[in-house]
Amino acid sequence: MAIDAANTTTASQRRTGYRFNLTGWISLIVILAWALIAILAPYVTPHGISDIVDTDYFGPMSLQFPLGTDYLGRDMLSRILFGARYTVGISLAATLIACSIGVTLGMAAAVTGGWFDTVLSRFIDALSSIPSKLFALVAVAGVGSSIPVLMLILGIIYTPGSYRFARALAVNVNTADFVTVARLRGEKLSYLIRAEILPNIIGPVLADVGLRFVFIVLLLSGLSFLGLGVQPPEADWGSLVRENIGGLPFGSPAVMAPSFAIASLTIAVNMLIDNLPQKIRDRSE
Amino acid sequence: MSPLVEIRDLKVEATTDAGRRVEIIKGVSFEIAPGEIVALIGESGSGKTTIALTLLGYTRAGCRIAGGSVSVDGRDMAALSEKERAKVRGVDVAYVPQSAAAAFNPAQRIMDQVIEITRIHQLMPRPAAEAKAVELFKALSLPAPESIGSRYPHQVSGGQLQRLSAAMALIGDPKVVIFDEPTTALDVTTQIEVLRAFKSVMRQSRMAGVYVSHDLAVVAQIADRIVVLKGGEIQEIGTTEQILSAPKHPYTRELLAAFSPVARVAAQAAATASPPPQPVLELDAVSAGYGRLQPNGKPLMLAVDAVSFKLERGRNLGVIGESGCGKSTLARTIAGILPPSSGHIRFDGRPMAPLARDRTPEELRKLQIVFQSADTALNPAQSIEDILGRPLAFYHGLRGPARDARIDRLLDLVHLPRALKHRLPGELSGGQKQRVNLARALAADPELVLCDEITSALDTVVAAAIIELLKELQRELGLSYLFISHDLTTVQAICDEVAVMYRGVKVEQLPADQVGKAGGHPYARLLMSSVPKLDPSWLDTLERDPELVAAFSKR
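Chains as they are written, first to last, in our numbering: chain Y, 833 to 1117; chain X, 8 to 562.
What the hints contain is simulated information worked out from the structure, not anything from laboratory work.
All values reported here derive from a predicted model rather than from experimental measurement.
Idealized CB from N, CA, C, for every residue including glycine.
Accuracy of the hints is not assured; some may be wrong.
Stated by the list, open to error - Derived PhoX-like pairs: lysine-lysine, alpha-carbon spacing no greater than 25 Å straight-line:
| id | chain 1 | residue 1 | chain 2 | residue 2 |
| --- | --- | --- | --- | --- |
| 1 | X | Lys255 | X | Lys373 |
| 2 | X | Lys540 | X | Lys255 |
| 3 | Y | Lys1111 | X | Lys428 |
| 4 | X | Lys478 | X | Lys317 |
| 5 | X | Lys33 | X | Lys94 |
| 6 | X | Lys90 | Y | Lys1020 |
As the list claims (entries may be wrong) - Label pairs and their calculated CB-CB ranges:
| id | chain 1 | residue 1 | chain 2 | residue 2 | range |
| --- | --- | --- | --- | --- | --- |
| 7 | Y | Pro1036 | X | Lys145 | 28 to 36 Å |
| 8 | X | Leu87 | Y | Asn853 | 28 to 36 Å |
| 9 | X | Ser463 | Y | Pro1031 | 51 to 59 Å |
| 10 | Y | Glu1066 | X | Arg28 | 51 to 59 Å |
| 11 | Y | Ile1099 | X | Arg27 | 52 to 60 Å |
| 12 | X | Arg299 | Y | Ala958 | 38 to 46 Å |
| 13 | Y | Leu966 | X | Tyr159 | 41 to 49 Å |
| 14 | X | Glu20 | Y | Leu1058 | 57 to 65 Å |
Claimed, not checked - Listed below are several chain Y residues computed to face chain X (Cβ distance under 8 Å; list not exhaustive):
| id | residue |
| --- | --- |
| 15 | Ala958 |
| 16 | Lys965 |
| 17 | Phe967 |
| 18 | Asn1004 |
| 19 | Asp1009 |
| 20 | Thr1012 |
| 21 | Val1013 |
| 22 | Leu1016 |
| 23 | Gly1018 |
| 24 | Arg1026 |
| 25 | Asp1106 |
| 26 | Pro1109 |
Construct all of the structure, not just a fragment, from the sequences and the given hints.
Structure below.
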């Protein structure tokens, strides 16, 4: 029977491909658009970000200033487009720091086990017991706010979650017989986590990366809103909301637009990780 | 007499990931008379469970009944609405699942679950239902029928739970009961009790039954008629007598042939040809277990108790016993996954470190283990090429074309087409996966292969093919096998000697053909006599020494 099945399936071509739904496509396009804007910011902004171009402050939407002007009369569209750089860039770097450290340590702890796992897990537990906003506030107050510091702090804050998540997944895979076989072969830790564990948890891990990116965007915006994030005259989306919060009673677009920018990015990332392309596995052809 | 169940030209379709429709049941027709038990037999993927489930009007997710009719007591289950089907289920048609352990809710008492059907359908008041359940417990010869209902599922044994799930199905006085491989997961000695209980209850109640199984010998004991299935089509329908004694279809003959594998004789001759037999593996009073070490130096839960044996080069040793007897722990100890608490393991005449990580690469290479379940033993994220290529690169440093050529040779060796190497394990059948699993062990050029229940998860025909392959590889490569199994016939087919284990102790070691003969250890005799035979009268005429059963069963 085994031979039969093999012959018939090899004779015909295998059908492989991915299924990707509309929601996934839309959110991917939104994310790519923001990424592109972040990269090309200096070339696409109609005005300089520090140029006071309007005689009035909190100007309404007009043909000249599509998103109005801010509390000093600067062009809002330019500031948002340029702010994408900070929001997307810092968050991305922090996500990469958090997830690469967290996932690597998580897998290593699961595979090694014993005291290494215990000590590391308790240390990480201790780290995650500190409230994230408080930790960020204290750290920024202590060493001052600069972009590398922000990346690092945000990365450290979100490492424990990533570690916990990856370790829980890896512990399950670690009990599978194929890991035992690899271990009996005499494989080293680096091979075990790279070849045997990671490929089997990569799906959920990527979903977690997306989710963590969203959290980091929100925390960064929160920090900037409190005035501890990106410092003037540069501004990320969180600082833009804070700067223009005075425009709220006037219904100014200057406070709405950056809020919408934050929402569009975080919702798009969330939608994308919920609708990642699914590989079509059709083997009975 | 008009048939109770009439299946006419039944077609079931499944929708694949790619949205393509596949017909998995291709026009099946048969009927069941009142009080008759019909067995559906075939390998996995033959559609036997799918057909049985259509009697409940149910298809698994992604499947649908595409054509034909399934009439149960005059109602076409395929045409009923879901609400009407729900009324029929449990009252007219009932279902006994394969794994009772998974079918019971661990958080509820057994009685509440057994009488659930009477509650849902409002058949009778609770005291009456409980009284009826106790009657059924008695009929199914469950111990302490009055009080067993107040226990939780984890407090009874696997065989008892399986009988309780039958009680659950029978409480609504159904006209048809579907048994979906109810004894497959049980030990042979337990299987007998469960089969006996099923048979007597079905006989008394005159219910009709559908018995789904891949084991012809089990089916022979309980069924009146047998339907042989393959690839969603009926190959042959006949009475049990006729199928067993005069099978017409070639596939039925193949099934029967696979049941009685050719006993092993070739190795004996080979062994006598090489005069000084050198033990490749030697165990000296090896004990192992789980949990903290006690003050007496033994682990809390001793699984292997002072087992010693010698395995000579080119010969095979079988280890048999029921689940929980320590046979798999023994394999794990030899492989170095679990260190022995005492005793020594000598490999090729040299003592071997207790843990795999302390052993030399050469030792690791020469001793390979093949696990029971190829599903978990192959990394689902790696292609077959990577799975086989890694040990080649790791042990022999093979790269590039040399590695590819060796992978091709390995695939040839285990009779798999070379084109398979680009596939992922999930895209292979169970038998193919087990062959890859074996090929990976062979890639190391081993001297000894530990086979831990490698045929248990496979269908009879596929398992027989794997056994043949093992024999052939031994002839070509001069391997030794330590073959662990609960299935005596499989072990006898491949091994020169058989060690019988019971509760961690090796109770006897004999040449394969001597096992279970008079004069042997009583447990070995009990085990041997519990293996179902193809004779339909076997279960009824089987007489087991009650003392022996009482002494060795774990109830």
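Taking the hints in turn, this is what the structure says about them:
1. The straight-line distance between the Cα atoms of lysine 255 of chain X and lysine 373 of chain X is roughly 47 Å, outside the 25 Å bound, and the hint therefore fails.
2. Between the alpha carbons of lysine 540 of chain X and lysine 255 of chain X the distance comes to roughly 20 Å, so the proposed pair stays at or under 25 Å and holds.
3. Distance hint between lysine 1111 of chain Y and lysine 428 of chain X is fulfilled; the C-alpha atoms sit about 19 Å from each other, no more than 25 Å.
4. Distance check on the hinted pair: lysine 478 of chain X and lysine 317 of chain X sit about 20 Å apart at the alpha-carbon level, within 25 Å; holds.
5. A distance of roughly 28 Å separates the Cα atoms of lysine 33 of chain X and lysine 94 of chain X; the hinted pair therefore is violated under the 25 Å criterion.
6. For the hint linking lysine 90 of chain X to lysine 1020 of chain Y, the alpha-carbon distance of about 57 Å lies beyond 25 Å, and the restraint is violated.
7. The hinted window of 28 to 36 Å between proline 1036 of chain Y and lysine 145 of chain X is violated, with their beta carbons roughly 50 Å apart.
8. Taking 28 to 36 Å as the suggested C-beta distance range, the pair leucine 87 of chain X and asparagine 853 of chain Y conforms, at roughly 34 Å.
9. At about 28 Å, the CB distance of serine 463 of chain X to proline 1031 of chain Y disagrees with the hint of 51 to 59 Å.
10. In this structure the hint that glutamate 1066 of chain Y and arginine 28 of chain X lie 51 to 59 Å apart at CB holds, the actual value being about 58 Å.
11. Between isoleucine 1099 of chain Y and arginine 27 of chain X the Cβ separation comes to about 34 Å, which falls outside the hinted range of 52 to 60 Å.
12. About 28 Å separates the C-beta atoms of arginine 299 of chain X and alanine 958 of chain Y, a value inconsistent with the hinted range of 38 to 46 Å.
13. At roughly 46 Å, the beta-carbon separation of leucine 966 of chain Y and tyrosine 159 of chain X lies within the given 41 to 49 Å, and the hint holds.
14. Judged by the Cβ atoms, the range 57 to 65 Å given for glutamate 20 of chain X and leucine 1058 of chain Y holds: they are separated by roughly 59 Å.
15. With a least beta-carbon distance of about 28 Å to chain X, the hint placing alanine 958 of chain Y at the interface is violated under the 8 Å criterion.
16. This hint is violated: lysine 965 of chain Y has a C-beta 38 Å from the nearest C-beta of chain X, more than the 8 Å allowed.
17. Evaluation of the phenylalanine 967 of chain Y hint against chain X yields a violated restraint, the C-beta minimum of about 36 Å exceeding 8 Å.
18. Hint status for asparagine 1004 of chain Y: violated, given a least beta-carbon distance of 11 Å to chain X, over 8 Å.
19. Evaluation of the aspartate 1009 of chain Y hint against chain X yields a held restraint, the C-beta minimum of about 4 Å falling below 8 Å.
20. Proximity of threonine 1012 of chain Y to chain X holds as hinted, the smallest CB-CB distance being about 6 Å (cut-off 8 Å).
21. Using the Cβ-Cβ criterion of 8 Å, the hint placing valine 1013 of chain Y at the interface with chain X is satisfied: the shortest such distance is roughly 6 Å.
22. Because the smallest distance between the Cβ of leucine 1016 of chain Y and any Cβ of chain X comes to about 5 Å, under 8 Å, the interface hint for this residue holds.
23. With its C-beta approaching chain X no nearer than about 5 Å, glycine 1018 of chain Y sits inside the 8 Å limit, and its interface hint holds.
24. Here the hint on arginine 1026 of chain Y is broken, as its CB sits about 11 Å from the closest CB of chain X, past 8 Å.
25. At its closest, the beta carbon of aspartate 1106 of chain Y sits 19 Å from a beta carbon of chain X; the interface hint therefore is violated under the 8 Å criterion.
26. A cut of 8 Å between beta carbons decides the hint on proline 1109 of chain Y: the least distance to chain X is about 12 Å, and the hint is violated.
Going through the hint list in order, the structure does not satisfy hints 1, 5, 6, 7, 9, 11, 12, 15, 16, 17, 18, 24, 25, 26.
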